[in-house]
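Can you build the whole structure from these sequences, using the hints too?
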Amino acid sequence: MKRRSFLAALAASLAWPRRSGGQAVARSVWDHDRPTAQSLLVPMDDRQSDHLKAYGITYRALTRGGTAEWLLNHRGGSFLLPDDAATRREAALAGVSVETASAVRVVDLRGTIQAGNMDAVLLEKAPKVAVYAPPNAAPWDDAVTMALQYAGIEFAKVWDPEVVAGRLTDYEWLHLHHEDFTGQFSKFFLTYSGSPWLTEMVRLNTTTARALGLASVADLKKAVARGIRTYVEQGGFLFAMCTATETIDIALAAEGVDVAAQYSDGTPMDPDATRRMRWDRSLAFQGARLETSPAIASFSDIDGHQVNNPPRRQPLGAFQLFNFSAKIDPVPTMLVQSHRRVIPDFYGLTTSFMRERLKPGVTVLADEQGAPWVKYVHGEHGKGTWTFLGGHDPEDPQHQIGDPPTDLSLHPNSPGYRLILNNVLFPAAKKRELKT
Amino acid sequence: MAVRSALAVLLLAAGALPAPAQTNPATALELERQGRYEDAGRIYRTVLQAEPLNVVALFGLERVYAELERLDAVMPYVRRALAQQPAHGLVREVQFRVWTAVGGADSAAAAARGWIAALPESALPYREWALWLARRGDGAAARRVMDLGRSRLGVAAIAPHAAGLHVASGEWALAAGEWRLAVQADESQLRPASADLARTPPPWRDAVLRIVLGRGLDPDERRFASELLLEWARPEEAWTLLEASLPRDPARAAGLVRRFAEQARRQATPEAARARGFALERLAGLTDGAEAARARLEAARAFADAGELRAAERLLDRLPAWPSDRPGDGPAAMATFIRVLADAGRVAEAEERYREWEARLSPNDAAALRETLAWAWVLHGELDRGERALGRDSTVGAAAIFGWIALYRGELEEARERFRTAGPYARSREEATRRSRILALIERVAAPRAPELGRGLLVLARGDTADAVTTLAVAARRLPATGGRADVLAFAGEAATHAGAYALAIPLLQEALGADSAGPAAPGAVYTLAAIAAARGEHLEAVARLEQLILSYPESALVPQARRLLDQVRGTIPSS
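Respectively, the protein sequence lines represent chains A and B.
Okay, so the first sequence: first residue is 1 according to this note's numbering, each after it adds one.
Okay, so the second sequence: first residue is 1 according to this note's numbering, each after it adds one.
No lab work stands behind these hints: they were computed from the structure.
One or more of the hints may lead you astray.
[Unchecked claim] One-sided and incomplete, this derived list gives chain A residues near chain B with beta-carbon spacing under 7 Å:
| id | residue |
| --- | --- |
| 1 | A92 |
| 2 | L93 |
| 3 | S97 |
| 4 | Y150 |
| 5 | P310 |
| 6 | P311 |
| 7 | P405 |
| 8 | D407 |
| 9 | L408 |
| 10 | S409 |
[To be verified] Straight-line distance between alpha carbons at most 20 Å, and here's what the computed SDA-like set of lysine to any residue pairs gives:
| id | chain 1 | residue 1 | chain 2 | residue 2 |
| --- | --- | --- | --- | --- |
| 11 | A | K157 | B | P574 |
| 12 | A | K128 | B | T572 |
| 13 | A | K327 | A | G111 |
| 14 | A | K128 | A | E233 |
| 15 | A | K157 | B | R135 |
| 16 | A | K157 | B | G571 |
| 17 | A | K383 | A | K157 |
| 18 | A | K157 | A | T208 |
Ideal Cβ placement from N, Cα and C applies to all residues, glycine included.
What follows is the structure, encoded as structure tokens:
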């Protein structure tokens, strides 16, 4: 379903009773019999003591077969859950603030939501979550993995063999570990030459490419990128951060073009690569100029901050989440639910996206005012959607290789990490079957 | 020259120029600050009409025209200045900046070549040109410019600039190679080199070190490597390298060692204190008389800070009765000497020195030393001597120590009163925390005196945990179940846990819970039992205990800590 038609259907669902048959869409609370029994309100404003675990509480309420409501723009994007012993116990153990909401209060709440720029979206089914990561990935090396583990959301790990074998259709939501889909090992090959972790990364990728009958790691990653694009086309939800955002698009646009340095595939990068790119095959970006030096850990001019390219490196500022109309644009509204509108920026190998490199139709969810780059974007491809967030770790703005892992129990109210978890719950609002 | 340094030149020069108001660059600077760039530019232009080589005004004009986005308008003034003095380095810099800002690579190259032709001995044009190219992302062209400079001025003249270029592009190994060349050619480059390479990211450091050290035979290279290791907080390795490369000339060697000791002082770690101790001890051997004695005393202090009391004592033994006759020097040094003696356990000797020097010490030093001596006696178990050392001291620090003495005698009533008088800020933060903890414990004990409890706590303070725990358990069992027994048992269990004596701790903690499962000690006992289970890898039990704590004692201050441990046991956050 295209985004417009999805939204039209969503808008329709606000006005008419539940649709029957076919692909159901996110349903408004108005579809339900009212008044409800006593509920638990999980506030997501400054009264919440652990925002991140609140997502886990909601997710697990869904896995137990219950439903939940996401009250968009209401108290920071709060949740309304059934008041049962299991949820209360989990909230107490996790330190998540909950408030008892009587039937009368819920009716009052619905009145408030109807009157303002708010909406209530029914969450029906906990999405099956996969994280694309190499089997030897350090457990604390990826913000999404950390967020999922901290919140207590179950996920599976998939990697190249599973993607190439078409196994992504087992999952409704896929996150890309900060992979370099150009097959150049994040261009750390020269800088960290001899480091054991890099040696292992090269060995693992090379072995996998050979095992799958592909000539080089660059070819392997292109095949994986195509597999992921197919997954999205068929209705999957893709979320990517850091380098994965920029490099998956480069890999997709570089079909038939050598964009990998000689150290990676044995042949130098095509000097005419920039001109030969086919951006109609990519998801989010277009017209980028590729970085041709193998010594500079940067891939193209898509990234606005260029953290590892000192002459072009830009300082960190803060980015601002857009305020969408909850009733008209529920999808972007879900993705930007937060108790803070302005969030300190954080570096990644890809930190941000130059506005001029975005394809028409891409929805900008957050940007830095006055800067030529944006931070957080969303779009549709085929029947699915993709969401890209620049940067590596919202609570470690200058993350370096070898830094200690982020302990999220010290950042339970992180607005940056909330953006990640918004993405995990977003598919729960859209019930449908994936093609297999 | 960077704009900031240009501004500094301007400020200095502005004060010296006796110009009328409308031609005073200081007035123009003020106008710049107000954002009145047109007005400021008018003054700078007037000055330059009269004095084409006034670089203060030229820099000012460059700044204001940059703000007004009319930078090319500076060029006529640059040309006039160069017509008067073609080899004026600062004017050439302005010319280069302006051309690079308003023109492209060809303009920059033309400006740089002109600059090189006018000042053929200067490395600056190569550096500025290469940096500009690198900032544009043209690293290959930047390297070609550096090669050109090398071919004309020699490797050593260009090396520091090439190193800066490599640092800017994160090529640490190449930067290290250039800096090595620069330091070999000119020892004064050592400090900028180490300052630059100090920023090397950890994964690259060993590679940089290998490059800097070469084969490790040259003393200058070893000193360079030592500087880097010290910058990277590896002080003991740094000292080993420096010591092995000290020059034969004692005065020069002493200078290097003194500098090392000063740098190591900035790192507040036991390793840095130990390295400093070694360096100062070596300094004592390189000097004589009062300076040697002072170095030895400082070395003893450093070793004491590092917890190396035997080394501190060894140095104290080598000190003369007391060295300094210089007014003002003796008392401060003696205060250090006494502190080191007390820390090293030679309390009687320290006290003797104190009595001898008391009248000459500053009131602050004297008060601090009384507390040091008193505490040292307490840790020896000599409570009476500790009390006598404090005398009639009525400071809050003394009140705290009087409180500990009363506590260890079992005089709980007096201890409570003294601790309250001391308040929460007296003495070190660590001790203040311990005091608050103990005050909370004895507030729960329903008795004015408890000599056995005092003895147990004293033994614990002296470091004999096993004996202390046994004594505390006996003391606890004499108290009413809800009148301190559970609290003292839980305290003893926690002390045993900290010492790793889990087998001793578990029954005490369980007994505490059995005595009073609803009292304030209960959450602590449950938490400690959970922590023991977690440490032993018994995760199911740890999870059960932590869940019990969170659900049964939701108001306890330990709940956030319990949640954190629960996350760690479940593997949802990294272990710390």
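Tested hints:
1. A92: At 6 Å from the nearest chain B Cβ, A92 of chain A passes the 7 Å test, so the hint holds.
2. L93: With a closest approach of 5 Å, the L93 of chain A hint holds.
3. S97: violated, 12 Å
4. Y150: holds, 5 Å
5. P310: Because about 5 Å separates P310 of chain A from the closest Cβ in chain B, which is inside the 7 Å limit, the hint holds.
6. P311: holds, 4 Å
7. P405: Interface hint status for P405 of chain A: holds (4 Å vs cutoff 7 Å).
8. D407: Where the cut-off is 7 Å and the nearest Cβ of chain B is about 5 Å from D407 of chain A, the hint holds.
9. L408: Holds. Min distance 6 Å.
10. S409: holds, 5 Å
11. A:K157 to B:P574: Holds. K157 of chain A to P574 of chain B sits at ~19 Å (cutoff 20 Å).
12. A:K128 to B:T572: holds, 19 Å
13. A:K327 to A:G111: The hint holds at about 14 Å.
14. A:K128 to A:E233: OK: K128 of chain A and E233 of chain A at ~17 Å, within 20 Å.
15. A:K157 to B:R135: Violated, because 41 Å separates the two Cα atoms, which is more than 20 Å.
16. A:K157 to B:G571: holds, 16 Å
17. A:K383 to A:K157: violated, 23 Å
18. A:K157 to A:T208: It holds: about 16 Å lies between the C-alpha atoms, which stays within 20 Å.
The structure fails hints 3, 15, 17 (numbered hints given earlier, in ascending order).
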